[in-house]
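Number of protein chains: 2
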Amino acid sequence: MKDFLRLRIGILGGGQLGKMLCQAGSRWGLDLHILDRSPDFPAGQVNPQFTPGDFRNVEDVLRFGRDKDVLTIEIEDVAVEALEQLQSAGVKVYPDPAVLQTIRDKGLQKIFYRDNGFPTAPFRLFAGKEEIREAVQEKRLHLPFVQKTRTAGYDGRGVAVINKEEDLAKLLDAPSVIEDLIPMLREISVVAARDVHGDVLTFPAVEMAFNPHANLVEELLCPASLSQEEEADARDLALRVCNAYGTVGLLAVEMFQLADGTFMVNEVAPRPHNSGHHTIECCDTSQYEQHLRAICGLPLGDTALRRPGVMLNILGAEGHSGPVRYEGWDQCLSVPGVFIHLYGKSETRPFRKMGHVTVTASTLSEAREKADFVRQTLKAVT
Amino acid sequence: MKDFLRLRIGILGGGQLGKMLCQAGSRWGLDLHILDRSPDFPAGQVNPQFTPGDFRNVEDVLRFGRDKDVLTIEIEDVAVEALEQLQSAGVKVYPDPAVLQTIRDKGLQKIFYRDNGFPTAPFRLFAGKEEIREAVQEKRLHLPFVQKTRTAGYDGRGVAVINKEEDLAKLLDAPSVIEDLIPMLREISVVAARDVHGDVLTFPAVEMAFNPHANLVEELLCPASLSQEEEADARDLALRVCNAYGTVGLLAVEMFQLADGTFMVNEVAPRPHNSGHHTIECCDTSQYEQHLRAICGLPLGDTALRRPGVMLNILGAEGHSGPVRYEGWDQCLSVPGVFIHLYGKSETRPFRKMGHVTVTASTLSEAREKADFVRQTLKAVT
Chain Y
1 MKDFLRLRIG ILGGGQLGKM LCQAGSRWGL DLHILDRSPD FPAGQVNPQF
51 TPGDFRNVED VLRFGRDKDV LTIEIEDVAV EALEQLQSAG VKVYPDPAVL
101 QTIRDKGLQK IFYRDNGFPT APFRLFAGKE EIREAVQEKR LHLPFVQKTR
151 TAGYDGRGVA VINKEEDLAK LLDAPSVIED LIPMLREISV VAARDVHGDV
201 LTFPAVEMAF NPHANLVEEL LCPASLSQEE EADARDLALR VCNAYGTVGL
251 LAVEMFQLAD GTFMVNEVAP RPHNSGHHTI ECCDTSQYEQ HLRAICGLPL
301 GDTALRRPGV MLNILGAEGH SGPVRYEGWD QCLSVPGVFI HLYGKSETRP
351 FRKMGHVTVT ASTLSEAREK ADFVRQTLKA VT
Chain P
1 MKDFLRLRIG ILGGGQLGKM LCQAGSRWGL DLHILDRSPD FPAGQVNPQF
51 TPGDFRNVED VLRFGRDKDV LTIEIEDVAV EALEQLQSAG VKVYPDPAVL
101 QTIRDKGLQK IFYRDNGFPT APFRLFAGKE EIREAVQEKR LHLPFVQKTR
151 TAGYDGRGVA VINKEEDLAK LLDAPSVIED LIPMLREISV VAARDVHGDV
201 LTFPAVEMAF NPHANLVEEL LCPASLSQEE EADARDLALR VCNAYGTVGL
251 LAVEMFQLAD GTFMVNEVAP RPHNSGHHTI ECCDTSQYEQ HLRAICGLPL
301 GDTALRRPGV MLNILGAEGH SGPVRYEGWD QCLSVPGVFI HLYGKSETRP
351 FRKMGHVTVT ASTLSEAREK ADFVRQTLKA VT
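Read top to bottom, the protein sequences are chains Y and P. Be aware that the first sequence starts at 1, since it is given in the working numbering, and climbs by one per residue. Be aware that the second sequence starts at 1, since it is given in the working numbering, and climbs by one per residue.
Derived by calculation from the structure, the hints in this document are not laboratory data. The structure presented is a predicted model; accordingly, all values stated were derived computationally and were not measured. It cannot be assumed that every hint is accurate.
Stated by the list, open to error - Computed footprint of chain Y on chain P; a stretch qualifies when at least three of its residues, placed anywhere within it, have a C-beta under 8 Å from a C-beta of chain Y:
no., region
1, 22-29
2, 46-55
3, 91-102
4, 324-334
5, 341-350
What the hints assert, rightly or not - From the structure, some residues in chain P lie toward chain Y, with a derived Cβ separation under 8 Å:
no., residue
6, Asp195
7, Asp199
8, Gly337
Said to hold, decoys possible - Chain P is faced by these chain Y residues, among others (derived, beta-carbon under 10 Å):
no., residue
9, Cys22
10, Asp105
11, Leu172
12, Thr285
13, Arg293
14, Leu298
15, Leu300
16, Ala304
17, Leu305
18, Arg307
19, Val335
20, Phe339
21, Arg352
22, Gly355
Note that CB positions come from ideal geometry on N, CA and C, so glycine has one too.
Kindly produce the complete structure, drawing on both the sequences and the hints.
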């Protein structure tokens, strides 16, 4: 590969993940370029090399990608056909478009785990909500279950939990995966990274705590409350999934831990992930730097956890829509070990991801106490 | 003051210090604007809000500053008269132009220390080299001594050490401070920060090791090899100097430690400083964030040293001028605890500051060993 500083690197997507990739790359002065609709988006604020365009549009992606050496993504929902063409033309595309094709369709993803012998919740595929209703009526499908639309679902969107008859009104009308509702102990994520030589390193497992109301991760804990053996099992599973995909760059592997202590793969994301934000402050190599190392052909960096961390999202407060301001900022900034990241979005909406906070301390329980203070204090309001 | 996210903040200077200020500010999405000659300069690579212009030119600074709420600097050598006018017009200027006026003139700086009772090397002021020669000939001035030009000296420029007769040929012809050559144990720097309410916090003392050939700091060690009491003395001296100036924002206080363990003030810089680079990785609050907190009216952040650090500059290799490439990159990136910062300068020259590396480890001596490896391995060449 060319000298890494001379690589022209394109990122599809200019949201907060793109922003944090640019921030990581700017320490080395990498030649990063962003494609997204407006330079006012988060990544445009830290990278003047911004091409306005739609990463879902084949022409826009082709035009953007043609003069790049390497292309990557911060979101799965992109014009994969354009990436395939660019790859054929010699551009390195990480993740590989074929991998992306599988991952962005939750149906294909589930089939991949089944075919490769990875533990995953039992599932069936349906074309739309009528088919699902029919199967329920004919008792071919039993409540409770989880519906996930096959594409375009993220941040809790495209998911419906059907516990009882009345919930059937919530069914989404799209090609879907119907999964058994698995009784689980906890939800775990392991961010792995695979380099161009096939070496894989994993970050320590993180434990996710959900806000059931918004169906968004509310708090993320690292280390997770796993035994040493369970931690090793979770990381090994992530490593094997990463190798099975053969992807280059990050792969965040979300999994469920069952009552017997074993893990099932839920789903993966071949890009920086919410469950890796804390690596900026808690590890020597952040997930963002790790992704850039991988796609530039550089050696992977150290993933050891230097100190415990709690990550919480800053979500737009309920009942507030419009130009944002933040309450409680000064109080939170006065607490040692509180790292606030705002994504530079000028408008807030209820539950919109406006930023995140990583809280560190010498123990996880101390970090959780400080995180509680931050959650009660810092508000994105109008 | 306005909500800090709505403050329009201008920075005079778009070099590496400006770049690192922008990187720190981008985590919160601060509205930072840069004034410097070209957006190709380091800060322009991380901040699209770049106004081309000359920060030494009164008109350019006035034009740039008029619509800002707060102005700050990354270099002292700016059009102070413009800053004074802008301050009168209601723009907050940190550091205060009056403080900047004193600090940028090493003669006025020395007088300030003398008048305020701070220990500093004995000195006299001269108009130029002929006056100095005359004083030497007439035995009113005795060798050895140090000549420092009163203005525009930085990174070892504008300094001549006159040990013997022949060295007189090296005298610089400019208004100068002539200082006694002080026999010292070591050179120390303490970065202090003062907020708008007058509260001051200091970072732990750092010890500077010079490359005598280039007259540039070669390696910086934190913690410094001081006793607890000496460390407290050094930080107290920095705090008192910071309070005496009454500046807002950072003040890096360079000092000499004498054989008896006491400290003398050498000179100060009212901005981010080479001796604070390691705070990015070794403290929870970097010097850059601290400066932004101070000038935005936010509370100062925690300055505790989380782990030992060695900082070394990446200087252009001797005998190489032209488009830069870096040797030894992969080997250095494979060492845990090695953080490389490149400033994004496309051309190298002998001894040009191309970047810096912070090396951390659980002990300082381990960090120094790794730093030695980096120094021998990482080269900025053509």
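Hints and how they fare:
Only residues whose C-beta sits within less than 8 Å of a C-beta in chain Y count toward coverage, and the region 22-29 of chain P has 6 of them, enough to reach three; the restraint holds. Closer than 8 Å: that is the beta-carbon criterion, and the region 46-55 of chain P has 4 residues meeting it against chain Y, so the requirement of 3 holds. A count of 0 residues in the region 91-102 of chain P with a Cβ less than 8 Å from any Cβ of chain Y is obtained; the coverage claim is therefore unmet, three being the minimum. Counting residues of the region 324-334 of chain P whose beta carbon lies closer than 8 Å to any beta carbon of chain Y gives 6, which reaches the threshold of three, so the coverage claim holds.
Counting residues of the region 341-350 of chain P whose C-beta lies closer than 8 Å to any C-beta of chain Y gives 4; at least three are required, and the coverage claim holds. Contact between P/Asp195 and chain Y, as hinted, is not supported at the beta carbon level, the nearest pair being about 11 Å apart and thus beyond 8 Å. About 11 Å separates the beta-carbon of P/Asp199 from the nearest beta-carbon of chain Y, more than 8 Å, and the hint is not met. Here the hint on P/Gly337 is kept, as its CB sits about 6 Å from the closest CB of chain Y, short of 8 Å.
A distance limit of 10 Å between C-beta atoms decides the matter here; for Y/Cys22 the minimum to chain P is near 8 Å, and the interface restraint holds. Taken as an interface hint, Y/Asp105 does not check out: its beta carbon lies about 34 Å from the nearest beta carbon of chain P, beyond 10 Å. Here the hint on Y/Leu172 is broken, as its CB sits about 34 Å from the closest CB of chain P, past 10 Å. Satisfaction of the interface hint for Y/Thr285 is found here, the shortest Cβ-Cβ separation to chain P being roughly 9 Å, below the 10 Å cut-off.
Contact between Y/Arg293 and chain P, as hinted, is supported at the beta carbon level, the nearest pair being about 7 Å apart and thus within 10 Å. Against a cut-off of 10 Å between C-beta atoms, the interface hint on Y/Leu298 holds, since the closest Cβ of chain P lies about 6 Å away. Taken as an interface hint, Y/Leu300 checks out: its beta carbon lies about 9 Å from the nearest beta carbon of chain P, inside 10 Å. With a least beta-carbon distance of about 7 Å to chain P, the hint placing Y/Ala304 at the interface is held under the 10 Å criterion.
This hint is violated: Y/Leu305 has a C-beta 13 Å from the nearest C-beta of chain P, more than the 10 Å allowed. Using the Cβ-Cβ criterion of 10 Å, the hint placing Y/Arg307 at the interface with chain P is satisfied: the shortest such distance is roughly 8 Å. Hint status for Y/Val335 relative to chain P: holds, with the closest Cβ pair at about 9 Å, below 10 Å. With a least beta-carbon distance of about 8 Å to chain P, the hint placing Y/Phe339 at the interface is held under the 10 Å criterion.
Nearest Cβ of chain P to the Cβ of Y/Arg352: about 14 Å, over the 10 Å cut. The hint is violated. Against a cut-off of 10 Å between C-beta atoms, the interface hint on Y/Gly355 holds, since the closest Cβ of chain P lies about 8 Å away.
Violated hints, listed in ascending order, are 3, 6, 7, 10, 11, 17 and 21; each of the other numbered hints is respected by the structure.
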